[in-house]
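Now that you have both chains on their own, put them together as the hints suggest.
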Amino acid sequence: MDTRKLRRLSETEWEAQPHGKMRVPGIIFADEVLVREMDEKVFEQMTNVATLPGIVKASYVMPDGHWGYGFPIGGVAAFDPDEGGIVSGGGVGFDISCGVRCLVSELTREDLEPVKEDLAHQLSRSIPAGMGRSGRIFLDFPEMDDMLLGGAQWAVEQGYGTKADLGRIEEQGCMKGAHPQDVSEKAKKRQQDEMGTLGSGNHYLEVQEVVEIFQTDIAETLGIKLGQIVISIHCGSRGLGHQIGTEYLREMALMADEYHFKLPDRELACAPINSPLGQRYLGAMRAGINCALANRQIITHLLRDAWERTFPAKASLNLLYDVSHNTCKVEKYPVDGKLKDLYIHRKGATRAFGPGHPSLPPTLQKTGQPVLIGGSMGTSSYILTGVAEAEIRSFNSSCHGAGRAMSRHQALKQWQGKQLVADLEEQGILIRSPSYRGVAEEAPLAYKDVTAVVNIAEKAGLSRKVAKLSPIICVKG
Amino acid sequence: MAGNWELFSHDADMGIRGIGPTFENAFEQAGLALTGVLIDPSQIEAKIPVNISCSDQKIDTLFYDWINELIYEMAHQHLIFGRFEVKISQDRQGQINLQGKAWGETIDLNRHPLAVEIKGATFTELKAEQNENNEYVVQCIVDV
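Protein sequence lines correspond, in order, to chains A and E. Residues in the first sequence are numbered consecutively from 848, following our numbering. Residues in the second sequence are numbered consecutively from 8, following our numbering.
These are calculated hints, taken from the structure and not from any lab test. All C-beta atoms, glycine included, are put in the ideal place defined by N, C-alpha and C. It is possible that part of the hints are untrue.
To be verified - Partner residues aside, some chain E positions facing chain A, computed with beta carbon under 10 Å:
no., residue
1, S16
2, Y79
3, I87
4, Q106
5, L116
6, H119
7, I148
8, V151
Said to hold, decoys possible - Pulled from the structure, derived: some chain E residues nowhere near chain A, Cβ distances all over 12 Å:
no., residue
9, N11
10, A53
11, H85
12, N104
13, N141
14, D150
The shape of chain E in the complex, shown without the other chains (with noise of 0.2 Å):
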């Protein structure tokens, strides 16, 4: 998993934010970070695999998908995420598939006292681009 990720300041809530050498390596980026706003992600095993997948017309509605999708999935199964794959691909009609895999384990809050419980992913400070090093940065606010 090639790239970085970060979490930036927002007022009530939390930014998230991926940076790699392609799209694909920035979401999973975004994953390590969608699970620091909880935890440090290396804290946790990863040997549950989830499997995910969403398609849209934007790169950046997409991100918000993907990000939103591993929330319901955190949230519906009670699994913590510290690994990520994704696979991204557009077809001939210009809509853009994901395919994406993301490993964690239960969560047990003896082990895992989670900071807070994200509800969801937001379209604020929501973006999908290349910026001035070549990298490709995603990142958005979860509301907590």
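This is chain A alone, in the form it adopts within the complex (with noise of 0.2 Å):
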């Protein structure tokens, strides 16, 4: 991105001065490098998003943004539904409820060495993945509508997992207000046999070590210590949630001369939060949520049982927490000296309250919000937990991950699927995956660096690093 077009506000913020249509700034959190490194479109979308109905005080894009469908990825938007303000299919992502859950083992690297293999294969036998394998679970219609209100509560009651789990959930694993009555019969008929998958692309389930600890103290209160096993799972709301997205985008972007919207992108469609399509969209999409929540609790469900086959005397693993990195939520915010009910758009972003926010459980008061940034295959990832002051900087929102630096196209020419497995392997890192293109196109290179990533939402004040993780298996669809 040219920064000539952008005032430098501080080391990591820039904006964009309202120009056009636009109603409020544009910000992006970044350095230097990392603003170079943004596509235009990034810069495009932001400023078209700032022309929105409604929208409050500014366009955000988040460190690892990049090019999206009418929104960019990393972008934050919050919508006033008394000044017009809508809701957006765009805004949130056809992978409605995308996100990270991680889990804390009892095992050390050592412990996990000589049964590196045996656990790959369990586990790549126990989780399906990629395109074609459906699950376990069947649900019929009915079955599909109590998940789609429950979400992990349902799960839970249906034998998958713990009560526990709940309360390391956002939403404690139930958002409210889904209506699955606004989800059309082919998204639910999408999702019959898809409860407990990965789905493909950038998701997976990854065994990883604890290899850095940055607050201790944290750290401590989150129960994880240095040379721990984690597990973290990469996944959203599956073949039901694409279905939601892609009908209601379709719907939207019609309805736009009749909402008088002159969007200038057909991929920004949107409706009034007050009108009949805004809240048929706010039903289903939060039943996409639930379905998410659900999914990744039937997920950890299955990773439970093939990790207590292979370590019957330290089987048991802790959820740390479970976030949802495509969604649109309510949440209150002081505007003009009031407190009002904001719909904050996140696509591609995380949310991250502050210690002392009443939403957080009681163990994570002191510590604020975990905050789960996936990396690529191959590559780090990081806990991070909320910050305070990200409340007035963003919306309580920070990063999701690293952000593709390149297409699949050039990944394809780039590296060949069977000689990464076996280059990763050499370095420790067993991947399985039933396709080596779908390897190739995922290669950790085609990423960011994630590391740049999250020290910039550390510097920016968007959140806090308390932990950083490294790959040893890594299970992808």
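Following this line, the structure appears as structure tokens:
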């Protein structure tokens, strides 16, 4: 991105001043290197979002911002329903409630090393990944509706996981306001045999080692130690979320004229929050959030089963936290001295409540909310926590991952999947995937440097680094 | 199935393009491109037929619907397609109707190491038009 279009507010903050139809400024959190690496399209998309009705304060881009559909990925925007504010399918993304959860084991690297191969085999057998692999659960329509209403709470009631897990999931595992009746039959059909599946692309289950601790006190409270083995799961609402995204994007795009929206890009399709379509999308999208929460909960159950078979004496896996990074949620923020309910769109951005936030459970009041940052295959991941100042800085939002640095096409030209798997194995990282081409497209170097992204997220006051994780086994779709 | 297909590069996702002497051929070719995102379509046996119909006011959104219908059938029925047939007609009200058929086989991961899963078609780079060589070109980015 050409930095001449921006005004530098600080070392880590860049502003696009309102011009044309922009109602608010655009703000990018990045250093000079990251901002220069961002595509020009990010600028265009950020400023497009700033033109939407009812937007509050600014259109934000997190340090991992890159090109998305309509909204940039890494985009955060708040809308006020009293000011004609909108809700946008493109502001949430196709994979509704895609997110990361992290589980903490009792093992160390030494415990794991002798059984690594066997564990990789067990995990890839137990957890369906990739296109065309269905789960072992089949939901009929009444069960589907219960799942869409109950989320991870529903999953726990079905015997997948424990009540203790729920306290460590956003919304305590159940997004309120979900309306299964606003989810099409097609979306439900697409999901019937997809519960407990990872999907593909950049989704994965990874066994990782804690290789560095940055905040000893917080790490201790969260139960994280150096050398400990943790497991991260990255996936979303599967076919159901994709179908909801596709159908509502189409409907919102066709309604744009009726709402007198002059959209600079069809993918910005949106509807007023206070409109029948806006309300229907919110009901369906929240059902999609519950689907993602239930899905990650079932995968956790499958993981625990495999773990117990491999480590019967040290089988416990405690949920550290579960975050969603493609959502629209109602949160309270002061606007002109009044506390208001705003609709916060986070697309490829993680909610990051600071210490003492009323939404956090008592056990996380002192630390702030864990913010889980996924790496790309073979690279590091990070555990961060929320900081209080992010409330005024970014509507309590932080980054979500590395973000792609090159296209799948370019990656395919540059790497061979088989060779990549062999190279990573030499570095001690086992990759299990149904497709070598898929592995090549997801090559570690096809992504930006996640360390640079989290360093800036910390420097910019969006969240705080707690621990660095290094991969050992990666099950990919 | 006259014409040809190609994939084109895009940041995080993939572009599909069908080119043919008619819109119908171009739509069919784009079906092959959709399979091409996952695997070489010539490897697919065209034995299970699926009927697809959609209807729209505009040809580009009709293309968006056609691709999304194919994605839905692939996901829901675990099929991968290798052959397509499309008939397009316009009624008196100006509505454009598509009657299509796709033939494929059930996904068998031992024979079909699929690269990714396709989430949906997008409006990005969505085009349905005639080029300077009088060929019909249809294209869009699919989210993977």
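Each hint tested on the structure:
Checking S16/E against chain A: minimum C-beta separation of about 4 Å stays under 10 Å; hint holds. Interface restraint check for Y79/E: the shortest CB-CB distance to chain A comes to about 6 Å, inside 10 Å, so the restraint holds. Interface restraint check: I87/E against chain A, minimum CB-CB distance 8 Å, threshold 10 Å, status holds. For Q106/E, the interface hint is violated, since its Cβ never comes within 10 Å of a Cβ in chain A; the closest pair sits about 19 Å apart.
For L116/E, the shortest C-beta to C-beta distance to chain A is roughly 5 Å, which falls under 10 Å, so the interface hint holds. Satisfaction of the interface hint for H119/E is found here, the shortest Cβ-Cβ separation to chain A being roughly 7 Å, below the 10 Å cut-off. Annotation: interface hint on I148/E holds; nearest CB of chain A at approximately 8 Å, less than 10 Å. At a threshold of 10 Å, the smallest CB-CB gap from V151/E to chain A is about 6 Å, leaving the interface hint in force.
Separation of N11/E from chain A is adequate, the least Cβ-Cβ distance of about 18 Å exceeding the 12 Å criterion. For A53/E, the shortest C-beta to C-beta distance to chain A comes to about 17 Å, beyond the 12 Å cut-off, and the non-interface label holds. Remark: the non-interface label on H85/E conflicts with the geometry, its nearest Cβ contact in chain A lying 5 Å away (cut-off 12 Å). For N104/E, the requirement that its beta carbon stay farther than 12 Å from each beta carbon of chain A is met, with the minimum near 17 Å.
With a cut of 12 Å on Cβ distances, N141/E stays outside the contact zone with chain A, its closest approach being about 27 Å. Look at D150/E: its CB is around 5 Å from the nearest CB on chain A, not clear of 12 Å, so calling it non-interface is violated.
Hints 4, 11 and 14 from the list above are not met by this structure, while the remaining hints are.
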